[in-house]
Amino acid sequence: MQSLAMIENWPVPTAAAAVVRADGTVAGSHGPTDRRFPLASVTKPLAAYAALVAYEEGAIEFDEPAGPDGATVRHLLAHTSGLAFDEHRAAAAPGTRRIYSNAGFEVLGDHIAKATEIPFAEYLHQAVLEPLGMTSTTLEGSPAKDGVSTVDDLVRFAAEVQAPRLLDPRTVLEAMSVVHPGLSGILPGYGHQKPNDWGLGFEIRDSKSPHWTGASSSPRTFGHFGQSGTFLWIDPDARAACVALTDRAFGPWAIEAWPAFTDAVLAEVRR
1446 MQSLAMIENW PVPTAAAAVV RADGTVAGSH GPTDRRFPLA SVTKPLAAYA
1496 ALVAYEEGAI EFDEPAGPDG ATVRHLLAHT SGLAFDEHRA AAAPGTRRIY
1546 SNAGFEVLGD HIAKATEIPF AEYLHQAVLE PLGMTSTTLE GSPAKDGVST
1596 VDDLVRFAAE VQAPRLLDPR TVLEAMSVVH PGLSGILPGY GHQKPNDWGL
1646 GFEIRDSKSP HWTGASSSPR TFGHFGQSGT FLWIDPDARA ACVALTDRAF
1696 GPWAIEAWPA FTDAVLAEVR R
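Position one of the sequence shown corresponds to residue 1446 (the numbering used here), numbered consecutively onward.
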């Protein structure tokens, strides 16, 4: 795919990217796709997928209590538990605001570890990474932001989400559906969004503007970006997903480069 070569013009030391279609075929790749990069918040979809496995295994329920008083596993996954961004303190009542929270995913990881009697990093490995052959991916701390992976491994994950083998497709459909519709909140790096829609661990594009995906991305597009200069989006309407990893922190360069790149990728995918 010619569009993937656009990463060569990004003002970053190193970048790698790939596109995988819904049938699991890799449409194209560019750069060192076997290099390990810190994922930052692109860790969250991996952690969320492990939570979905725990749900299907019966270890947890989405609506069981977890986190602050009145909050549930579903609240934690959808950033509506009321927990503050990076502090283990309640900043709002559960279900009333969309407060993007690293702390919430850390509480979620601890909750799953307690329920399964397996440290969360090991549970993620057993439930998601090992079955998908993601041999270069590790969780080296917080389930909110301390994953390290390669484009090649995240292609395997993106293929799984588009055509689930580890989960019932209905569970994945629930994860990409809006939880608590209509809630507004801050999308890190992009300011206040009304609404600021999320599913279970995945951000949902809907009509957000500005946004890190493209102008031609469908409203059903879902995924995540990370402050380490990384992103993963899945566009169900285009029947394709894209992964891009870099070694430069997110900033104005990404706000400018990523949407045009995504639009170019989608134009090529849809030919």
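It should be emphasised that the hints constitute simulated quantities derived from the structure, not laboratory data. Don't take each hint at face value.
Below, simulated DMTMM-like cross-link-like pairs (lysine to aspartate or glutamate); rule was C-alpha separation at most 25 Å, straight line [unchecked claim]:
| no. | residue 1 | residue 2 |
| --- | --- | --- |
| 1 | K1639 | E1713 |
| 2 | K1653 | D1682 |
| 3 | K1559 | E1501 |
| 4 | K1653 | E1585 |
| 5 | K1639 | D1613 |
| 6 | K1639 | D1651 |
| 7 | K1639 | E1605 |
| 8 | K1639 | E1501 |
| 9 | K1639 | E1585 |
| 10 | K1559 | D1479 |
| 11 | K1653 | D1613 |
| 12 | K1639 | D1591 |
| 13 | K1653 | E1701 |
| 14 | K1559 | D1651 |
The structure displayed is predicted, hence computed values, not measured ones.
Now the hints, each set against the structure:
Among the hinted pairs, K1639 with E1713 is inconsistent with the structure: their alpha-carbon atoms are about 31 Å apart, more than 25 Å. Between K1653 and D1682 the CA atoms are separated by roughly 17 Å; this keeps the pair inside 25 Å, and the hint holds. Straight-line distance between C-alpha atoms of K1559 and E1501 comes to about 16 Å, which keeps the hinted pair within the 25 Å bound. At roughly 32 Å between alpha-carbon atoms, K1653 and E1585 are farther apart than 25 Å, so this suggested pair is violated.
A threshold of 25 Å between alpha carbons decides the hint, and for K1639 with D1613 the separation of about 31 Å lies outside it, so the pair is violated. At roughly 10 Å between alpha-carbon atoms, K1639 and D1651 fall within 25 Å of each other, so this suggested pair holds. Annotation: proposed proximity of K1639 to E1605 is violated, straight-line Cα distance about 30 Å (limit 25 Å). About 32 Å separates the Cα atoms of K1639 and E1501, which puts this hinted pair outside 25 Å; it is violated.
Restraint check for K1639 and E1585: the C-alpha separation of about 34 Å exceeds 25 Å, so the hint is violated. For the suggested pair K1559 and D1479, the alpha carbons sit about 33 Å apart, so the restraint of at most 25 Å is broken. For a cut-off of 25 Å, the pair hint linking K1653 to D1613 is broken: about 29 Å separates their Cα positions. The straight-line distance between the Cα atoms of K1639 and D1591 is roughly 29 Å, outside the 25 Å bound, and the hint therefore fails.
For the suggested pair K1653 and E1701, the alpha carbons sit about 16 Å apart, so the restraint of at most 25 Å is met. For the given pair, K1559 sits about 35 Å from D1651 by alpha-carbon distance, which is inconsistent with the 25 Å threshold.
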